[in-house]
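Q: Residues per chain, in single letters:
Number of protein chains: 2
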Amino acid sequence: MKTNAISCKDVTLKDGFWKTRQDINKNVTVDAVYNRFYETGRIGSFACNWRTGDAEDQKPHYFWDSDVAKWIEGVSYILMHEKLPEAEKNIEWLIDGIEKNMTSDGYYNVYFNIFGLSKRFTDRNCHELYCAGHHFEAACAYYNATGKDRYLRLMERFADLIYKVFVEEKSAYFVTPGHPEIELALITLYRTTGNKKYLDLCSFFVEQRGNNEKDIPLFNDPKYAYDVGPMRKAAYAEGHSVRMNYLMSGVCDLAYETGDEELFEACRRVLKNATHKRMYITGGQGSTYIGERYTSDYHLPNKTAYAETCASISLGMLAHRMSLYETNSEYDDIVERTLYNNTLSGVSLEGDSFFYENPLEIRNEDYETEYYDFFWQPHYIPRTRRKVFSCSCCPPNIVRLMASVGGYIYSLGEDTLFIHQYIASECKKDGVSAEISTSFPQNGKITVKAAGVAKVAVRVPYYCKELTANLPYEIKDGYAYFDADKTVELDLNLYARFVYSNTRVYDNVGRAAVMYGPLVYCAETADNATVENFFADASADISVGGDFHGAPTVEISGETQISGEELYSEEPPVRTPATLKMIPYFGFANRGEGEMLTYIPLK
Amino acid sequence: MKTNAISCKDVTLKDGFWKTRQDINKNVTVDAVYNRFYETGRIGSFACNWRTGDAEDQKPHYFWDSDVAKWIEGVSYILMHEKLPEAEKNIEWLIDGIEKNMTSDGYYNVYFNIFGLSKRFTDRNCHELYCAGHHFEAACAYYNATGKDRYLRLMERFADLIYKVFVEEKSAYFVTPGHPEIELALITLYRTTGNKKYLDLCSFFVEQRGNNEKDIPLFNDPKYAYDVGPMRKAAYAEGHSVRMNYLMSGVCDLAYETGDEELFEACRRVLKNATHKRMYITGGQGSTYIGERYTSDYHLPNKTAYAETCASISLGMLAHRMSLYETNSEYDDIVERTLYNNTLSGVSLEGDSFFYENPLEIRNEDYETEYYDFFWQPHYIPRTRRKVFSCSCCPPNIVRLMASVGGYIYSLGEDTLFIHQYIASECKKDGVSAEISTSFPQNGKITVKAAGVAKVAVRVPYYCKELTANLPYEIKDGYAYFDADKTVELDLNLYARFVYSNTRVYDNVGRAAVMYGPLVYCAETADNATVENFFADASADISVGGDFHGAPTVEISGETQISGEELYSEEPPVRTPATLKMIPYFGFANRGEGEMLTYIPLK
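Residue numbers (my numbering), protein chains in the order written: chain Z, 1 to 603; chain A, 1 to 603.
Each hint should be verified, as a subset may be incorrect.
A pair counts as met if it fits within one copy or between any two copies, since identical chains are not told apart.
[To be verified] Taking lysine-lysine pairs in the BS3-like style, the calculated list, with each CA pair at most 30 Å apart, reads:
1) Lys196 to Lys164
2) Lys119 to Lys100
3) Lys449 to Lys196
No lab work stands behind these hints: they were computed from the structure.
Isolated chain Z (complex conformation):
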């Protein structure tokens, strides 16, 4: 069943796990990202006045528009609920730059405006349409937040130009973007303006992808940018993970608007492959930094996991969109898995530094070996979060995700309010109002009050073995349907558990992960003398308790081992009983450069 989205504009978070993070986002992350973008020249670049001879480290890159636009989009979601005068002033300055430097025919891109407009639309790998898409998203968000339409009007002109160049003139050197994202942005632009041209342009890019002779695959690899054939036949999660998830999000939005079941079936196939064969337990996507991409089924190495923050965010975007097309709690389970693990780990607990990559294991020896200072650098992620990266897509993506998380909670069917995520909040839309009270994920107790609808359908997650409720309910498509006339009080009865990987995931043979509700846990040397030489007793109870930034910690029982001095010996290492303290994965690497392990060897 198709349901109507309830945007983050219509949802206010209440005190709880996510409100705490939204506050950190607003109070720390917004400025942290802006300041770093300012220092690195990204902000200033909107004046389009960098010239040869100026500071090389401020030289604009062709993806800088997208970084800044994502920040504007994120701030706009905050502006839907409260004032941020300084940030709004900065956004206006940025829009000034766009307005001043947009060409008479409606083109704007920092890089090409500076380095040669004659080269525009000639290189499929130059992220122009990706940057345009992020501007469209930002412009719509800013308009929806403030009612000010200057940015939106500029972006309509840009979108019109793209329509003309790609659909009417066919004068670009390529047919579809090397880095998708504009597809989903065009749907947002269509929804915001009502102009069907943007829906058509989205449809054009989707139908032409992998289906024309002019698009030369990037890096000689049709899979890299998902040029694998007509999108209607798409079946596998392949290539660059973020590109694929943005692309499929656009495809899903298009299917939603047009009711095109064949297109949606492609989304189903791709999401199934992505999440049933190629997803880290944390929701991470992409097993290798080489191409930041999907590899093959069950190939999920822990130490070298790429699992980019943006890939996790974009998988959540796709799954949430799919949950609006058809009611199926599995989609929400995926969103939740990404939110509480691989996405949240992308930002420090303080909110001022970021991970691009989110591995499932860190061994100091890989960093502290003598060769690390050598001119050949091996590829391991930084062990602590960085303030900014040269490729800085993830930090502003965190800003906008945190600010818009309210949009993932509710949706509205004909007479039913759907609760997708257990986030303390209130919503009001079209005569419907609702309120969720919960300490989730500390425990599974959730209270829902709703008015203006007949039914409330609350997701029953895959990890709920016993649903306790104060009212009768019916289960359908993974949702518990309650009459909305009374307050619903339910308990998901969360419990800690060992989770085993498919035996084709070779890194995890003889090991298990620990979860509590949607939370994946990890062990760090900050809490334990050894994390590599602990063997868990999977038959013993897991102790749950304490509070780690809104979630419990756990302790598992087992044995540690230690060998003699010899490098090799016929004597097995000596084992002694021990316990291992584990924290939620999202909080790893916030206490220095320690070792971290997600999959624990079993006794």
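Assemble the complex: chain Z is given as a structure, and chain A must be docked to it using the hints.
A: Leaving out everything else, chain A in the frame of chain Z:
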């Protein structure tokens, strides 16, 4: 106690494990390497007539002299025992090239002869002294084999020039070689010619290393080429593994000739670090391809092990040299570990193809992932041996190791013949004669006859728990001393066993290797349905039997596991009893591109 080497010239192998390999070396490998060197232009390059515009793939590289010289050296060891007319003719042609192109002051190097003699001795990283050293070794071997001294005389001129440039004039741009090897070669040249100048030149290079201001560390890293300070203070196995082991071999030879205990003590320290903290169970050296080098203590990853064939060979060279300086069975144990595992795995069973790297684990998924065809190549070794590499040091190193293995068996003390290795052979030197009969490593039965000495001292290896002998003996320094008047018949009582790594070797936590005598075993998918999902029962007997190219195979008991279809599940995988067949590690990857595992998870 210092003993006298007995060269491979004085030793003839008898039918057995190593004779089989020597025959393959002579009948297959010698020509295989020559033919590939011919095809790649290495042989032709000795005419020094490559010019710009000629085939780019035949353009000489600055290490080509060393490749070819090593092949000459290997063939020369064969010529000590039998005729190879075609190979000898080819060597003469190569010497013609050297003679014709050597400069009037005695310089020869294919690369610099072609690309500019004015640049000679200006770049420490251009392997000139390394190439010279290999020529010295080859010239001495060829002279000792044939009595023909043309090559030797040319190389004496070259060595004299180097002495003049480096010691007298100090006109080179550097003081010591970036790639050591000349040190040990100068000792060979000294021993062959009796000219003390070469001993002095060796001493100069050793004493100056890490001890002068002119040598700039390569790649800004003093450890890379072992520029870590005075050699007398050397303490760690660091930097490029092959360079270090060649260097320490030269240092050991120098100490042997001069009785310099302080220098030898440095060898002891370095070897101890190399073998007690940084050695794969296979004798492999160097944990990373990044710099082909040592990393840190206990950092011994299996899949990405570099463990270059040349590094294993050169560790054996060092340990054997040390065994001549002082009687200690541990040195021979190290030699044996390298010979039967990481060195032998460097060549295919047929003798015509080679591994540069020798990992301890191969997972097909790392190769078969979709990104493998991508323009960014991840670094995994080829899964099957190659005919030749662009950097082709290992194949000719195999040729000379196989041909000279007889030199690792015996040495002579004052009244005692030492048996270092259990290799079926006869030796005759200075009135002493001996014969070893054995099927080792199929079993531990060894018969030794000796004449012309009072005692025979047979090494008792670290894995011998019970030595059975037909005669009384005394144990000293890890050797069993017998009176030499009767035939000694002994049995090392080999057995198969699980071997545990130090618990700081994180890749091997919860796993064990399997050994029989000096042989490390591995499991391949060629013999087993799964190698990754088998759990060994370390308390069960290991079954030993069969014959795999002169060594037994083993079978271990335990369980396999298989999960359901789910990627993640609360249900542990189902285990069923099973056995795992294992072959000697040296034979891995001779049956197609399968998976291979050395460390087996434990039940």
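Q: State for each hint whether it applies.
A: The hints, checked one at a time:
| no. | hint | verdict |
| --- | --- | --- |
| 1 | Lys196 to Lys164 | within (14 Å within a copy, 85 Å between copies) |
| 2 | Lys119 to Lys100 | within (20 Å within a copy, 58 Å between copies) |
| 3 | Lys449 to Lys196 | neither (37 Å within a copy, 97 Å between copies) |
When held up to the earlier numbered hints, the structure conflicts with hint 3 and nothing else.
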